[in-house]
Structure formats: structure tokens, C-alpha cells
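> Using the sequences and the hints given, assemble the complete structure.
Taken in order, the sequence shown gives residues 1 to 380; the numbers are from full-length UniProt numbering.
Calculated from the structure, these hints are not laboratory results. Every value quoted in this text rests on a predicted model; they were computed, and no experiment measured them. Treat the hints with care, since some could be wrong.
[As the list claims (entries may be wrong)] Distance windows between CB atoms, simulated:
| # | residue 1 | residue 2 | range |
| --- | --- | --- | --- |
| 1 | 175 | 32 | 51 to 61 Å |
| 2 | 205 | 34 | 33 to 43 Å |
| 3 | 194 | 167 | 23 to 33 Å |
| 4 | 173 | 194 | 24 to 34 Å |
[Said to hold, decoys possible] Result set (BS3-like, lysine-lysine): computed pairs, CA atoms no more than 30 Å apart in a straight line:
| # | residue 1 | residue 2 |
| --- | --- | --- |
| 5 | 132 | 199 |
| 6 | 270 | 199 |
| 7 | 36 | 267 |
| 8 | 132 | 36 |
| 9 | 132 | 201 |
| 10 | 132 | 267 |
| 11 | 201 | 267 |
| 12 | 36 | 199 |
| 13 | 201 | 270 |
| 14 | 267 | 199 |
| 15 | 270 | 132 |
All C-beta atoms in this analysis are idealised placements derived from N, C-alpha and C, irrespective of residue type, glycine included.
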Amino acid sequence: MNLDRPGRGITLPFMKYRENDQHERRLAGFGWLPNKVRNQFIAVVGEFVGTFLFLFFAFSATQVANAATNNTSTQNNDDGSITQAPNTSALLYIALAFGFSLAVNAWVFFRITGGLFNPAVTLALCLIGACKWVRGVLVFIGQILGAIAAAGIVSCLFPSAMNVSTTLGGGTSIVRGLFIEMFLTAMLVFTILMLAAEKHKGTFLAPIGIGLALFIAELTGVYFTGGSLNPARSFGPCVILATFPGYHWIYWLGPFLGSVLAVGFYKFIKVLEYETANPGQDFNDKEAEVFQVDEDTAATAADVARPNVAIGRSEYVADGRGIYHSQDVRQAAAAPRAPANYGNTGYGNTHPSGPAPALPPIKQVSSGEGNATGSRGYDV
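In C-alpha cells, the structure reads:
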């Protein structure tokens, strides 16, 4: 489907719209706002709307599942007692709803706010420095308000009483519920850190992995704790119903502890330079052909960083020192190196020591000079 570039204003039927000034502000009425204030406002509004949409569809599906079937079915044990068994169909329905709702809405809002929708995720991003603390506090407010709004709309929209609150079930104690929430949230937050906070070739697909992470966490947690993993998710329905169970605090402390646990492990593997353990994951075929990573000598993440193939001339590659021809790189890699102590005896030895000198960088040329297509190229 071919779509035109969106215009600056609203286009009405039978009216021809023409862009007069390509450099005109899109929001001329908000030009007086400083950029920082405007960006913070966008982040708060984006998190409010994103959290509302995420939880509205998740709450709606939960309401449908709980209204269509009973939460539990009963079966007799050998001794005649009755066991409360989970209704796996309803649990699967709820888990799918939360996972898919998060995946879709996180993908939609990924470019606007990052698609957080969760105070525990916000805390983790603030702890690793990916989100400023001021913005973290502001989007936290937006997330809480979005959750309350979602619960309120679901309560008014559907005829039956709202039944989406998180409660302990299956004989789960408060302490067990706390640790269930902690470990499930840790898995979700660590997934977000590795797929979204860490930039790589697959970052644009991060919402899919994040949604699947929530899905499998909900499969485990819905029956025992309600599967919160998100303080806003538990707080919103409680506000609308004006009912807070005595153990409501576990839906705050558990996810926050899980967030800290995930951040701790993330920082631990970052300190260990985890990139050197399995290098080349982001290399394409050309880069993998030119750069052969030696795990014995690669000590830091910079040693196994993804190289950049020069635009317009695929036979050239670039690293942090300059741009080189791929053939020269291969020849330099194959050239013998002198021992580390070679030439350092001080007894008149004039042999050079250390690695061979770096390859001369290739001169960048202007558009049209480097290749016949007119795109930017590089010449020796």
C-alpha cells in the first residue's frame, strides 16, 4: 500500500492541502515551550496513552476469561478432599492477552517513549542510566494514571463486575507471592535490558521478545499471584474498586526487587565484557569475511565491536581508526607479528617492537568522485 507523506495540518475532504514551508514548525502554537519541557510532556503523554492501551486490552481479555469460565475447577483427591485446580484455558487466554497487548503497544510506542508501561522497567532503565531520573519520575506518574484510566474504562464498559485484580491464589503465602513476583519481573526486565537497552541489529524486533517474555511469565504467575510484574497493573484496579488487600505491597516490592536483581546481573556481565564470549553476532557476511575475531586476544567489547562497511563501496571497511580496503585488512591480519619483548633489550637492538603499524586510512572523496553511481565513495 502506497501512502503519501503525512502533512503538517488536518486535511478535510475536497480540500487540497499544500505544504508551503518545509522548515515551518509542526506545532507552531507550542513554539514557546523549551525543548526539554516539550520532550518531557511528550514522554508523559506517550506513557499515559501507551499504558492505557496496553492495560485496557489486557484487562478486557481478563474480564472476558473470568466471565466466560470459573477461575478454578474442582476435583476429588484419593482421600476425598477437594483440590482447587487451575483452569488452564482461562490462564492461557489471560497470558496471551497480556503478552500480545504488550508486544503490540510497545512496538507502537517504541519510537515515542520506549514503550515502558511499567514502573519496575522505568526503575531499571534509570538505574543503568538509560533514562534520566527526572523523566523516570514523570513517566511513572503517567503510567499510574494510565493504569487507573484503563481499569476505570473497563469497569464502566462491561456489564459484569470488574474482575481483573491481582490476588494470591492456589494456597500461595505472602512471602512466596513476593518472591514469585520478584523472579518473574527479573526475567522480564532482563529481557528488556538485553533486547532494547543494548543496541544491536535486532533491536527493532525487541517488542516481540518482550511480549513473549511477559507471556511466559504470566503462564507461571497468573494462578499464584495474579501475574502482576507491574505495580501500575495492580494499583489501577484497586483504586477503581476502592479495595486494597493487606498484601498489596508485594505487588510493589516484588517487581522493584526483581528490577534491581535484573540490573545487578546486567551490570555484572557488562563488567565482564560479555561481548567477547560470543563475538560476531551482529556481523553480516561481508564483515564476517573480513574480520576474524580471535577470542584469545579479544579482551574488551571494543575488540569485537561490529565493523562498518563503507557506504557505496562494499570492498572498504571501517573501524575506530579509519577506513581500509578489505584486502589490506586480510593481509595485515595474516602478517607475522614480532614478540612483545622483541627489540626491548637495550643492547643496540634496532628492530621495531610491538605490533605492525596501522594501515593508512583511505581518503574520503566527495559525491560522484568515488563511483559511477554518484553516491559517496572512498579512494586511496
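> It remains to establish, for every hint, whether it holds in the given structure.
Okay, the hints, checked on the actual structure:
1. Our hint of 51 to 61 Å for residue 175 and residue 32 holds, since their Cβ atoms are close to 53 Å apart.
2. Between residue 205 and residue 34 the C-beta distance comes to about 35 Å, which sits within the given range of 33 to 43 Å.
3. Between residue 194 and residue 167, the C-beta spacing of about 31 Å keeps the proposed range 23 to 33 Å intact.
4. At roughly 32 Å, the beta-carbon separation of residue 173 and residue 194 lies within the given 24 to 34 Å, and the hint holds.
5. Under the criterion of a C-alpha separation no larger than 30 Å, the hint pairing residue 132 with residue 199 is consistent with the structure, at around 18 Å.
6. With a CA separation close to 13 Å, the supplied pair residue 270 and residue 199 stays within the 30 Å bound.
7. Taken as a hint, the residue 36 and residue 267 pair is honoured in the structure, with Cα atoms around 29 Å apart against an allowance of 30 Å.
8. A C-alpha spacing of about 12 Å is found between residue 132 and residue 36, which places the hinted pair at or below 30 Å, so the restraint holds.
9. As the CA atoms of residue 132 and residue 201 are separated by approximately 25 Å, the hinted pair is consistent with the 30 Å bound.
10. For a cut-off of 30 Å, the pair hint linking residue 132 to residue 267 stands: about 18 Å separates their Cα positions.
11. With a CA separation close to 21 Å, the supplied pair residue 201 and residue 267 stays within the 30 Å bound.
12. Note on residue 36 and residue 199: the hinted pairing holds, with a Cα-Cα distance of about 24 Å set against a maximum of 30 Å.
13. With a C-alpha separation of about 18 Å, the suggested pairing of residue 201 with residue 270 holds against the 30 Å cut-off.
14. Proximity of residue 267 to residue 199 is assessed by CA-CA distance (about 15 Å); at most 30 Å being required, the pair is judged to hold.
15. Taking the CA atoms of residue 270 and residue 132, the gap is about 20 Å. The hint holds against a cut of 30 Å.
In summary, this structure violates none of the numbered hints.
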